[in-house]
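> This is what each chain is made of:
There are 2 protein chains.
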Amino acid sequence: MHNNPGKDQGLDRDFRNIWHPCTQMKDHESVPPLHIERGEGIYLVDKDGKRYMDVISSWWVNLFGHNHPRLNKALIDQASRMAHVLFAGVTHTPAIDLAESLVKLTPPNLTRVFFSDNGSTSVEVALKMSLQYWRQTGQAQRTRFIHLTDSYHGETLGALSVCGINLFREKFENVLMENIEVAGPDCYRCPLGFKRESCEAECFEPMEKALEENRETIAGVIVEPLVQGAAGMKMYPPVYLEKLEKACDNFKTHTIYDEVAVAFGRTGSLFVCGEYELKPTFLCLSKGITSGYLPLAATLASEEIYQAFYDEPASMKLFIHSHSYSANPLACACANETLTLLTENKFLSGLKPKIELIKEMGNKTRELKWCGEFRQIGMIAAIELVRNKQSKETFPQEERVGYKIYLEGLKRGILMRPLGNVIYFIPPLVITDNEIETMINTACESIQAVLGE
Amino acid sequence: MHNNPGKDQGLDRDFRNIWHPCTQMKDHESVPPLHIERGEGIYLVDKDGKRYMDVISSWWVNLFGHNHPRLNKALIDQASRMAHVLFAGVTHTPAIDLAESLVKLTPPNLTRVFFSDNGSTSVEVALKMSLQYWRQTGQAQRTRFIHLTDSYHGETLGALSVCGINLFREKFENVLMENIEVAGPDCYRCPLGFKRESCEAECFEPMEKALEENRETIAGVIVEPLVQGAAGMKMYPPVYLEKLEKACDNFKTHTIYDEVAVAFGRTGSLFVCGEYELKPTFLCLSKGITSGYLPLAATLASEEIYQAFYDEPASMKLFIHSHSYSANPLACACANETLTLLTENKFLSGLKPKIELIKEMGNKTRELKWCGEFRQIGMIAAIELVRNKQSKETFPQEERVGYKIYLEGLKRGILMRPLGNVIYFIPPLVITDNEIETMINTACESIQAVLGE
Numbered sequence: 001m002h003n004n005p006g007k008d009q010g011l012d013r014d015f016r017n018i019w020h021p022c023t024q025m026k027d028h029e030s031v032p033p034l035h036i037e038r039g040e041g042i043y044l045v046d047k048d049g050k051r052y053m054d055v056i057s058s059w060w061v062n063l064f065g066h067n068h069p070r071l072n073k074a075l076i077d078q079a080s081r082m083a084h085v086l087f088a089g090v091t092h093t094p095a096i097d098l099a100e101s102l103v104k105l106t107p108p109n110l111t112r113v114f115f116s117d118n119g120s121t122s123v124e125v126a127l128k129m130s131l132q133y134w135r136q137t138g139q140a141q142r143t144r145f146i147h148l149t150d151s152y153h154g155e156t157l158g159a160l161s162v163c164g165i166n167l168f169r170e171k172f173e174n175v176l177m178e179n180i181e182v183a184g185p186d187c188y189r190c191p192l193g194f195k196r197e198s199c200e201a202e203c204f205e206p207m208e209k210a211l212e213e214n215r216e217t218i219a220g221v222i223v224e225p226l227v228q229g230a231a232g233m234k235m236y237p238p239v240y241l242e243k244l245e246k247a248c249d250n251f252k253t254h255t256i257y258d259e260v261a262v263a264f265g266r267t268g269s270l271f272v273c274g275e276y277e278l279k280p281t282f283l284c285l286s287k288g289i290t291s292g293y294l295p296l297a298a299t300l301a302s303e304e305i306y307q308a309f310y311d312e313p314a315s316m317k318l319f320i321h322s323h324s325y326s327a328n329p330l331a332c333a334c335a336n337e338t339l340t341l342l343t344e345n346k347f348l349s350g351l352k353p354k355i356e357l358i359k360e361m362g363n364k365t366r367e368l369k370w371c372g373e374f375r376q377i378g379m380i381a382a383i384e385l386v387r388n389k390q391s392k393e394t395f396p397q398e399e400r401v402g403y404k405i406y407l408e409g410l411k412r413g414i415l416m417r418p419l420g421n422v423i424y425f426i427p428p429l430v431i432t433d434n435e436i437e438t439m440i441n442t443a444c445e446s447i448q449a450v451l452g453e
Numbered sequence: 001m002h003n004n005p006g007k008d009q010g011l012d013r014d015f016r017n018i019w020h021p022c023t024q025m026k027d028h029e030s031v032p033p034l035h036i037e038r039g040e041g042i043y044l045v046d047k048d049g050k051r052y053m054d055v056i057s058s059w060w061v062n063l064f065g066h067n068h069p070r071l072n073k074a075l076i077d078q079a080s081r082m083a084h085v086l087f088a089g090v091t092h093t094p095a096i097d098l099a100e101s102l103v104k105l106t107p108p109n110l111t112r113v114f115f116s117d118n119g120s121t122s123v124e125v126a127l128k129m130s131l132q133y134w135r136q137t138g139q140a141q142r143t144r145f146i147h148l149t150d151s152y153h154g155e156t157l158g159a160l161s162v163c164g165i166n167l168f169r170e171k172f173e174n175v176l177m178e179n180i181e182v183a184g185p186d187c188y189r190c191p192l193g194f195k196r197e198s199c200e201a202e203c204f205e206p207m208e209k210a211l212e213e214n215r216e217t218i219a220g221v222i223v224e225p226l227v228q229g230a231a232g233m234k235m236y237p238p239v240y241l242e243k244l245e246k247a248c249d250n251f252k253t254h255t256i257y258d259e260v261a262v263a264f265g266r267t268g269s270l271f272v273c274g275e276y277e278l279k280p281t282f283l284c285l286s287k288g289i290t291s292g293y294l295p296l297a298a299t300l301a302s303e304e305i306y307q308a309f310y311d312e313p314a315s316m317k318l319f320i321h322s323h324s325y326s327a328n329p330l331a332c333a334c335a336n337e338t339l340t341l342l343t344e345n346k347f348l349s350g351l352k353p354k355i356e357l358i359k360e361m362g363n364k365t366r367e368l369k370w371c372g373e374f375r376q377i378g379m380i381a382a383i384e385l386v387r388n389k390q391s392k393e394t395f396p397q398e399e400r401v402g403y404k405i406y407l408e409g410l411k412r413g414i415l416m417r418p419l420g421n422v423i424y425f426i427p428p429l430v431i432t433d434n435e436i437e438t439m440i441n442t443a444c445e446s447i448q449a450v451l452g453e
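Those sequence lines, one after another, are chains A and B.
Heads up, the first sequence is in the working numbering, so the first residue is 1 and it goes up one at a time.
Heads up, the second sequence is in the working numbering, so the first residue is 1 and it goes up one at a time.
None of these hints come from the bench; they were simulated from the model.
There could be a bad hint or two in this list.
Note that identical chains are pooled: a pair holds if it fits in a single copy or bridges any two copies.
Straight-line distance between alpha carbons at most 25 Å, and here's what the computed DSS-like set of lysine-lysine pairs gives [said to hold, decoys possible]:
{"id": "1", "residue 1": "252", "residue 2": "346"}
{"id": "2", "residue 1": "50", "residue 2": "359"}
{"id": "3", "residue 1": "411", "residue 2": "50"}
{"id": "4", "residue 1": "104", "residue 2": "7"}
{"id": "5", "residue 1": "246", "residue 2": "195"}
{"id": "6", "residue 1": "279", "residue 2": "73"}
Work out the full structure, taking the sequences as your base and the hints as a guide.
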């Protein structure tokens, strides 16, 4: 770590000019950011040559490690033809290939791909398509979305209006659209006393009730399937999604799957909806779609949605939404190579032993005095720290337990970014067995360095 | 053009899987999109080798032509080090260099750079920073923004709520935040009877009044300086901005400059605010920032704004907004090379003869029977078509005059994308004199092919 910020002039220039995302900049007075110069596989290397294991895949985006020869090649090959072209009245092969692959690999009801730039915009597109669909099919009164407690779907104001985490929305509460929050699964502290391994999603009842009570005005229900990422990798069983699908079918409303964080191998499968044979009306994708190389997002929609916009030009039923860099060819080229890497040589089956190893490591981790829960789905795992295992009492925010553990991790060469009191792992999928052991052991050491043994 | 869509299998696959932005997909039954394979300078080349002059810079993003050796090199060099790393708790040299350059090149009151992915998000960031600033400085009641008629600032729901063009917002009206629309300049049809060359922005009065009447509740005023792009390249004089600055100073509210479309040389200068020594509170940049290579955006903020967020962590005054690909190193590398190209060898002065040539061509264009107005600022020009020069009567939307002219342009090898009845030019800055002549002459031919001589 940088104890003398004056030493690296780059850091001074950073401090003078840059406003970092989701950061109290005053923290950089004492702890400047890491000045990362290059990436090598799952490691980030700073200006001094110090290496950090990127156990959060640079905000959950990187799948195959940094500086991957085949992804680099895909990028460079495309650059030699064309970096970008507008995507209205124009098409190009990288986007055609990508859209075709996405339609093939996702559930059969999803037939159309709309491109944008990031997770937030992929959600904004789904919300807007849903609203316009209802307007064009005689139900303009359907203008509200249901989201879960602790949900996160991005931070542009539309996406933020389906966010259930107060931290993100409280400063903007009075300008957000009025949606409906429903108590979602809370498996570690299940208020009904069930366990996620054996429950039947009895906690679905409030959703059923909300759908019933607002049956005339609900445009759709948005969820992060299986893992609520920003909430601290809260995990819930697929039976909740099965119930949701039935209920939304019953009340004839849309389901929006925000798989921005969980798709592309994180859970061990390509898509959660595909793995459990679920049929969302919309599927939002981003992050891993380019293996963490550059921004791209896709919103997939069902054929029924598409057909409600498909008409003579004079009808003005078209979907008027665009971003300059929609379907950026460089990004599409990386995304195509990503899908090749994910689907060739039984890559996903190859994750099984790693997933098993993380599970084994979890058993050991649970013995930690401060480990309230070790939870895991596929290649995503999290340790929820508590002051007391019995009462599940949490550490107060002002103690900044997560932040202190983060600093200890840096000393030991791993880059974590705890969410409150949750230390989580969402490493590049190419992490090796040895590295998995190092990752979890080092996290445990860092926890003990802060909280004691 | 493709008269037989069955010929190019790529087009069939496009038609089956892709939902293009801002497009009535049914139009593709008769006119499939161009299947562009590569770019060469200011030309796009389709699968059959046919070349199209990209006179709209692929949605106003491209500055130096497609497939530019130095931009390609900047991209490839960065890829060899690291495509991406998260931007919280981490920094990297491409972002440090870019932020420092942007702060140096923009007005002195702008001191901090916040990165995001596209024009919409750059605006969302400014809106959110403004709202949070007021909340943290004891004026939480300031929650509304003023925007102009015919304004466009992006299409995520927050950005859309400061849009003045009905076409973009009407389907979503009932979920948008309540802002205030003020009649802006309308120079071609000035209701006060002035001319933009000689007026004193007498049309500023409604803005003054709106600021006065809502002095307690206005968070800020957002404008597209000098050119309202999506409105049809509507142009107005800088005196309007000077009056706005005085009024906003007077009423102590924020000014947000959305220079997404006009910055980086389009008007002949780097930034409109810099050219006229104006001091916006926020400056939103995207599009040309990477020379049209890949998505990146920046929101610059004044030091006063920054300081209202800078405090002890426990204050929770930080700006909680992030996108996974914030400050993507590949994009920053292209942006740094863009700024080098724009500032070396007197590049901007070199535009003057081109700007003069466009002006000369405009004089000829005005003689067209259908040319209501030829207007120009720097390298941006537009022909507003009217049925009658005297009455300025416009063509009805259902005649699709712009669309027909677009198709005639394609036959003749130029890619325009008219906005209603406005044919506009915003070519790559490297367009040559000969190409400028071809561009405008071909547009005029296309107009006459549709409307007669």
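> Now, for every hint given, state plainly whether the structure supports it.
Hints versus structure:
Taking the shortest Cα distances, residue 252 and residue 346 never come within 25 Å of each other, neither inside one copy (38 Å) nor across copies (62 Å). Neither within a single protomer nor between protomers do residue 50 and residue 359 lie at most 25 Å apart by alpha-carbon distance, with minima of 29 Å and 57 Å respectively. Proximity of residue 411 to residue 50 under the C-alpha cut-off of 25 Å is restricted to the intra-copy arrangement: shortest distance 10 Å within a copy versus 58 Å between copies. Within a single copy, residue 104 and residue 7 get their C-alpha atoms only as close as 52 Å, which misses the 25 Å cut-off; across copies the closest is 23 Å, which meets it.
In this assembly of identical chains, residue 246 and residue 195 lie within 25 Å of each other by CA distance solely inside one copy; the values are 22 Å within and 63 Å between copies. Within a single copy, residue 279 and residue 73 get their C-alpha atoms no closer than 35 Å, and across copies no closer than 44 Å, so neither meets the 25 Å cut-off.
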